[in-house]
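Going down the list, the sequences are from chains A and B.
Each residue of the first sequence is one higher than the last, beginning at 685 in this note's numbering.
Each residue of the second sequence is one higher than the last, beginning at 5 in this note's numbering.
In case anyone wonders, no lab produced these hints; they're calculated from the structure.
A few of these clues could be false.
Unchecked claim - Output of the computed footprint for chain A on chain B, the stretches with three or more beta carbons under 8 angstroms from beta carbons of chain A:
| id | region |
| --- | --- |
| 1 | 55 to 65 |
| 2 | 96 to 106 |
| 3 | 109 to 121 |
| 4 | 129 to 142 |
The model shown is predicted, which means the values in this text are computed figures rather than measured ones.
Ideal Cβ positions, reconstructed from N, Cα and C, are used throughout, including at glycine.
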Amino acid sequence: MNLLENTRLALEGLRANKMRALLTMLGIIIGIASVMAISTLGSAMTGSVSKTMDKIGSKNISVYLTPKNYDSQPTMQPEDYITQDELDSFKTMYSSQIQAISLSKSMGSGELDSGYIHKDVSITGANPDYRLVNNINLVQGRFVSDRDIQSSRNVIIIDTTLRNNLVGVDGDPTGMDITVKTKTTNETYTVIGVYEKLVIDNPLFNMGDDTRVECFIPITTAMALGSEATTIPGYDSLTIMGAANGDTTAFAKTAKDYFLKSLDPLSDYTIESQSMESIVSEATGMLSTLSLGISVIAGISLLVGGIGVMNIMLVSVTERTKEIGIRKALGARNSAIRSQFIIESIIICLIGGMIGVALGAALGIFGSSLLKFPTTPPFGPMIIALCFSMGIGVFFGYYPANKAAHLDPIDALRYE
Amino acid sequence: MRKKIIEMRGIVKSYYLGTPNELEILHGLDLDVYEGEFLSIVGASGSGKSTLMNILGALDRPTRGSYFLDDLPMENVKDEGLSRIRNQKIGFVFQTFNLIPRSSALNNVALPMLYGGKSRSERTQRAKELLQMVEMSARSHHRPNELSGGQKQRVAIARAMANDPAIILADEPTGALDTHTGRMVMDIFHQLHQEQGKTIILITHNTELAEETQRTIRLKDGSIVENYVNQKFHLEGRYESA
């Protein structure tokens, strides 16, 4: 009595009762489909988070001053700031682990006035590394250069929407002078570049429609022109882009310790640092735990499905008592009867599992495309799901099959 | 001296319906069946016919007594051993045919060979030959519910022959058939007996049918009350009485 023969027998049995077989499978189908869909969605979500983080800058480490006690809302003292000297020696010390350090100072919002166009803009002073670290996509001209920094030039990089307003989509605004009025300044800048705003197309990170136009000027220009906060010669935050193959989470700690050394221990402020990688792994870790948790809950429906299979197998054994008696009279051993019923139960579960995997994968693909991160269902869980449904077949099929195997042939033959 | 296929000595079968109530169905039967014999067992219902048939067919064990089937002692045989004996040594033909409803005639005939571990090609080949023997080749792919009673019984006889058993046990094989088809079935048994020398045990309450066989055993209340060679075979004079 080999596997093939038993499979044939079992399929014969199932064909005779298609509707019942399908209803029996339903529990397994629903269970497997939900586990599959959730694991696909889970991997879509983690994938989507990592992709978005990559866009923002996966190797970035932010270092910033933060109050030791938020409630007291202390004011930052000029000596708390990270100085250029500290920064320079930090850079020299860890040059192998640093790709770039982005520095910026916000000048706040202002109004652009180019004669016939009035527009609200915000002005940020930036250093040349800002472009690399923040993934600024320059489409025309250039970004802030070292010479712009050295001579605190009045140059400005605008975004594509502003360019479109000024000179149209095909126009070249570089060399144009524009005047921006802020609370404390009224300056004319020469446009040197145009960048395209980073669009994060991810429903998980709904950042709102930011219609504000951000323009960049050299950070030294901002410090020379700006209000009280911007003129302080130091930085309250910086973003380090770590080496491509470095451990940014460890380096974040190093950076924090380094800058803490020169901070007065009695200051109301302290230094904190955080690597993007640690944020990503925290977020993806949370997502996988979440999807695992939901999968386990969905798995309970598999248990229910398994009980359904056992129930129907018991009914089937009772219905086929006479057949079992005939088979035994013809010389079927107990083991042959047992494997016939176990294989039938495995086949019910396996077919149910396959339908469930297909359904769950389809749901997962649909769901992940809603998340704007189309994902192919993970292969591992697919195999696990199929093995698991086979396991359910064996587990819940064993008792009915054993019952069938131990029927007394005389009683079974007499059964009507 | 002809070979004994069946040798039963002091077969007792009793059921314990809780002590001290013991219901004894068979009271120490002795029975010998020789190779190539066509024997009938008759008796009214309740005479112990079915119980005897179950023991003969290795579906049940006697409470006491010894039973040799084709020189195999049947005492102390485990369930698995009984399965094997049923598979290899015995061909059952039932009153209600007992074909597997979802399987074709061909698969029904092949089933004992499947349990006997024969290869698929061997099974199909032999099943086809057997169906041809009972003139059922044309309907080999029909399911039992597509066959008439006589056709079903012919398939069942073919199935009983599948593993070339030592005895064929036919329990009221014509009981569910009309006279005409019943006749056809009996003819097949005669043919098997005469042409292939099969040992056949026919269990029936129909005395007319019993008279067609070589020897008849009459059971009454769990004992053999008559054991006689039928008239038309009497002259051959090769039957010893019990």
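task: Would you check chain A against the region 96 to 106 of chain B, counting CB to CB pairs closer than 8 angstroms, and say if three or more residues qualify?
output: holds (count 7)
message: Verify this for me: three or more residues of the region 129 to 142 of chain B with a beta carbon less than 8 angstroms from a beta carbon of chain A.
response: violated (count 0)
query: Do three or more residues from the region 109 to 121 of chain B put their C-beta atoms closer than 8 angstroms to C-beta atoms of chain A?
result: Holds, because 6 residues of the region 109 to 121 of chain B bring their Cβ atoms closer than 8 angstroms to Cβ atoms of chain A.
query: Are at least 3 residues of the region 55 to 65 of chain B within less than 8 angstroms of chain A when you compare beta carbons?
result: Since 4 is at least three, the answer is holds.
Hint compliance for this structure: hint 4 is the single one not met.
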